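Assemble chain B onto chain A, guided by the hints.
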Amino acid sequence: MTAPAGQRHACPSCGASIVFLWAQAVQTTCEFCKSVLVRTGLDLEKVGQQADFPATASPVQIGMMGRWGQRTFTVVGRLTYEWARGRWNEWYLRLGDGNGAWLSDAQLEYALTTEVAPGKPLPDPMSLSVGDTVATDRYRFVVTNITLAEYVGTEGELPFATGGRALSTFVDLITQNGIFATLDGSETPPLLFMGDYVSWDDMAPQGAREFEGW
Amino acid sequence: MKPVTAFSCPNCGASITMQAQGWSVTVACGTCGSVLDALHPTLRVLQRHAERLTFTPKIPLGTRGTINGRQYVVIGCQRVTITVEGVDYSWTEYVCFNPYHGFVYLSEYQGHWNVIEKLRTRPEEHGGTAVLHDGRTFRHFQSANARTTFALGEFPWELRVGDEVRARDFVSPPYLLSAEGTALETTWSMGRYTPPAEIARMFGIKALDTRATGVFANQPNPHLSSARRVRRVWGWLTVAWAAMLVAALLLTAKQEVLVERGEFARANGEANAVVLGPFELTGRSSNVRVNVRSDVSNDWVWFGLALIDDETGQARDFSAQTSYYYGRDSDGNWSEGSQKDDVTVAEVPSGRYLLRVAPEGDPIGARVVNYEVRVVRDVPSMLLFGLAFGALLLPMAFAWWPTIGFESRRWNESDHEGVVLSFPPEEART
Numbered sequence: 001m002t003a004p005a006g007q008r009h010a011c012p013s014c015g016a017s018i019v020f021l022w023a024q025a026v027q028t029t030c031e032f033c034k035s036v037l038v039r040t041g042l043d044l045e046k047v048g049q050q051a052d053f054p055a056t057a058s059p060v061q062i063g064m065m066g067r068w069g070q071r072t073f074t075v076v077g078r079l080t081y082e083w084a085r086g087r088w089n090e091w092y093l094r095l096g097d098g099n100g101a102w103l104s105d106a107q108l109e110y111a112l113t114t115e116v117a118p119g120k121p122l123p124d125p126m127s128l129s130v131g132d133t134v135a136t137d138r139y140r141f142v143v144t145n146i147t148l149a150e151y152v153g154t155e156g157e158l159p160f161a162t163g164g165r166a167l168s169t170f171v172d173l174i175t176q177n178g179i180f181a182t183l184d185g186s187e188t189p190p191l192l193f194m195g196d197y198v199s200w201d202d203m204a205p206q207g208a209r210e211f212e213g214w
Numbered sequence: 001m002k003p004v005t006a007f008s009c010p011n012c013g014a015s016i017t018m019q020a021q022g023w024s025v026t027v028a029c030g031t032c033g034s035v036l037d038a039l040h041p042t043l044r045v046l047q048r049h050a051e052r053l054t055f056t057p058k059i060p061l062g063t064r065g066t067i068n069g070r071q072y073v074v075i076g077c078q079r080v081t082i083t084v085e086g087v088d089y090s091w092t093e094y095v096c097f098n099p100y101h102g103f104v105y106l107s108e109y110q111g112h113w114n115v116i117e118k119l120r121t122r123p124e125e126h127g128g129t130a131v132l133h134d135g136r137t138f139r140h141f142q143s144a145n146a147r148t149t150f151a152l153g154e155f156p157w158e159l160r161v162g163d164e165v166r167a168r169d170f171v172s173p174p175y176l177l178s179a180e181g182t183a184l185e186t187t188w189s190m191g192r193y194t195p196p197a198e199i200a201r202m203f204g205i206k207a208l209d210t211r212a213t214g215v216f217a218n219q220p221n222p223h224l225s226s227a228r229r230v231r232r233v234w235g236w237l238t239v240a241w242a243a244m245l246v247a248a249l250l251l252t253a254k255q256e257v258l259v260e261r262g263e264f265a266r267a268n269g270e271a272n273a274v275v276l277g278p279f280e281l282t283g284r285s286s287n288v289r290v291n292v293r294s295d296v297s298n299d300w301v302w303f304g305l306a307l308i309d310d311e312t313g314q315a316r317d318f319s320a321q322t323s324y325y326y327g328r329d330s331d332g333n334w335s336e337g338s339q340k341d342d343v344t345v346a347e348v349p350s351g352r353y354l355l356r357v358a359p360e361g362d363p364i365g366a367r368v369v370n371y372e373v374r375v376v377r378d379v380p381s382m383l384l385f386g387l388a389f390g391a392l393l394l395p396m397a398f399a400w401w402p403t404i405g406f407e408s409r410r411w412n413e414s415d416h417e418g419v420v421l422s423f424p425p426e427e428a429r430t
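From first to last, the protein sequence lines are chains A and B.
Residue 214, in the numbering used here, is where the first sequence stops; the numbers in between run on with no holes.
Residue 430, in the numbering used here, is where the second sequence stops; the numbers in between run on with no holes.
Worth flagging that the hints you see were computed from the coordinates, not collected in a lab.
Keep in mind the model is a prediction, meaning the values are calculated, not measured.
Ideal placement from N, C-alpha and C gives every residue a C-beta, glycine not left out.
Treat the hints loosely; a few may be bogus.
As the list claims (entries may be wrong) - Listed below are several chain A residues computed to face chain B (Cβ distance under 10 Å; list not exhaustive):
1. L108
2. E115
3. I146
4. E150
5. A204
6. G207
To be verified - A few chain B residues that don't get close to chain A, going by computed Cβ distances all over 10 Å:
7. V25
8. T66
9. Q71
10. P99
11. Y100
12. G102
13. Y109
14. T121
15. E124
16. E185
17. K206
18. S226
Looking at chain A on its own, in the form it has when it is part of the complex (with noise of 0.2 Å):
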């Protein structure tokens, strides 16, 4: 059993106060000192140091709080991904049942996702090429675009550890009506996620980051 939401600790780099908004979380890092922090049965422990966050320019921040359709969620954590031409942020979301979620938000093009069981065995993301067709037991992709691509920081809590992830393979998929999936090649087997692209208003989003002029 997992420690109850809003369990206090105390990080064992500099003693600061960390708080898990989310009785799930597997890893977090302090505020303060950047240690990043994962959870050991009722212990936290210092496996690693975030060096130099990048700086995002996303309006999405750890605390925001919005709507996917009729669930709700709360920004909980953080990983940021960086490619060839940019980077983006895959926010980590405690939902309202519970559940955890990600909303991507590369090129300020927003997409809820959830893992889904594929229900029989996926394909390599590094065998793959641009026009190739992914089935899972119920749904025919397209692969559409391919994204090598490395975590580059990671900021408040994570369903898992970050440690010893290099460079992963995103495989963006849709099927003949538009519905969309991601293959994560950062797992063996890889993981796959479904959801939404949805506009900024469609999430009614508070508590989100303020633009001086906007």
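Relative to the frame of chain A, chain B by itself:
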């Protein structure tokens, strides 16, 4: 947080402000035109460009405007050029940014503007000539290699002056679907034709030139709605015309009052004239049709006819002619003329009448010609209906001629010869 960040150009030292730092991938210096890596902390030079800038965008960078009810700032501008049959055509593309809603683009070609958004779904392609998107069919307009010939400001993609992409345009006015890219990656976007006056209002630019030259690919046809209105009225009038035609066919009496046969033996001369009848014409004052038929072959017979009021002796003179020739030449069989003719006499009051028939012909053949004369009271006048139909077609021609002319000027600029008459679906009227 302050969204605008200031840098200096590593090539010329001029100051560069970035409005979309974090999202911009490339920035082109406004002073020296060098293309810089916007992701690099001190803006590494990607492409040195020492030429002085000569192009002045119609919307200056930094201008704020309202697009779809949201505020955007113009952060980048590029000139894109295509070469068709040796001639260069250039248009301008603007990058507009909002820190919450992302990127929207504008394009401008000779005063024709489009507001463009990237598509998240892929349109369905139908063999390169049409694509289907959102229930609309878009016709292929033009494919060309589009190259960047000038750049200024920020771009959320990796840009170099001289870069070339394959661009395919499909139109369904006022929309324009564009596919850009390589075989590996195609980006679809959709533009909406926006009149220059609206752009001027959106961006608060009073001095914006609102004249547009020529017809643009997805410019709505300004004549189409009135032409469609005319067609709608024409449709109803044609239904009314057809109803009247049916009524005329059903309600006219078409009463046969006389059928007589005769012989024309030419040698007799004037003696061939006969007076037929008398016969009664009844009912309201209406027309009388006289049908004449003869067995002429390679011959002609002219009939002098007179309808004579039996009481007053007043005659109405008219004539009919049967003339029929046939033969065979190098082109095969031919024939000319007819063995039949008919004449309609209008407004004949009721009463007792006689018909005088005086056939005349070439005496040479001397063959006896048999003929038949039929008199029918009250027949529908097809001539009037024909004239009415022509009169109905006239406004249709006047309404559709400019409509088709506009389409012809549109498609003259495309890859396709001739007019592609494919009008957008009529918007639902409320």
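Outcome of the hint check:
1. Taking 10 Å as the C-beta contact cut-off toward chain B, the hint placing A/L108 at the interface holds, the least distance being around 3 Å.
2. With 10 Å as the threshold, the beta carbon of A/E115 stays out of range of chain B, its nearest partner Cβ sitting at about 21 Å, so the hint is violated.
3. For A/I146, the interface hint holds, since its Cβ comes within 10 Å of a Cβ in chain B; the closest pair sits about 9 Å apart.
4. Using the Cβ-Cβ criterion of 10 Å, the hint placing A/E150 at the interface with chain B is not satisfied: the shortest such distance is roughly 14 Å.
5. Of the supplied interface hints, the one on A/A204 is violated, with its beta-carbon coming no nearer than about 12 Å to a beta-carbon of chain B, more than 10 Å.
6. Taking 10 Å as the C-beta cut-off, the interface hint given for A/G207 is violated, the closest approach to chain B being about 13 Å.
7. With a cut of 10 Å on Cβ distances, B/V25 falls inside the contact zone with chain A, its closest approach being about 5 Å.
8. Non-interface call for B/T66 relative to chain A: holds, since the shortest CB-CB distance, roughly 13 Å, exceeds 10 Å.
9. Remark: the non-interface label on B/Q71 conflicts with the geometry, its nearest Cβ contact in chain A lying 7 Å away (cut-off 10 Å).
10. Taking the minimum C-beta to C-beta distance to chain A, about 5 Å, the non-interface status of B/P99 is violated against the 10 Å cut.
11. At roughly 5 Å from the closest C-beta of chain A, the C-beta of B/Y100 falls inside 10 Å, breaking its exclusion from the interface.
12. For B/G102, the shortest C-beta to C-beta distance to chain A comes to about 3 Å, within the 10 Å cut-off, and the non-interface label is violated.
13. The Cβ of B/Y109 sits about 25 Å from the closest Cβ of chain A, beyond the 10 Å cut-off, so the non-interface label holds.
14. At roughly 4 Å from the closest C-beta of chain A, the C-beta of B/T121 falls inside 10 Å, breaking its exclusion from the interface.
15. Distance check for B/E124 against chain A: the nearest CB is about 8 Å away, which does not clear 10 Å, and the non-interface claim fails.
16. For B/E185, the requirement that its beta carbon stay farther than 10 Å from each beta carbon of chain A is not met, with the minimum near 6 Å.
17. Non-interface status of B/K206 relative to chain A is upheld: no Cβ of that chain comes within 10 Å, the nearest being about 23 Å off.
18. A cut-off of 10 Å between C-beta atoms confirms that B/S226 is not in contact with chain A; the least separation is 37 Å.
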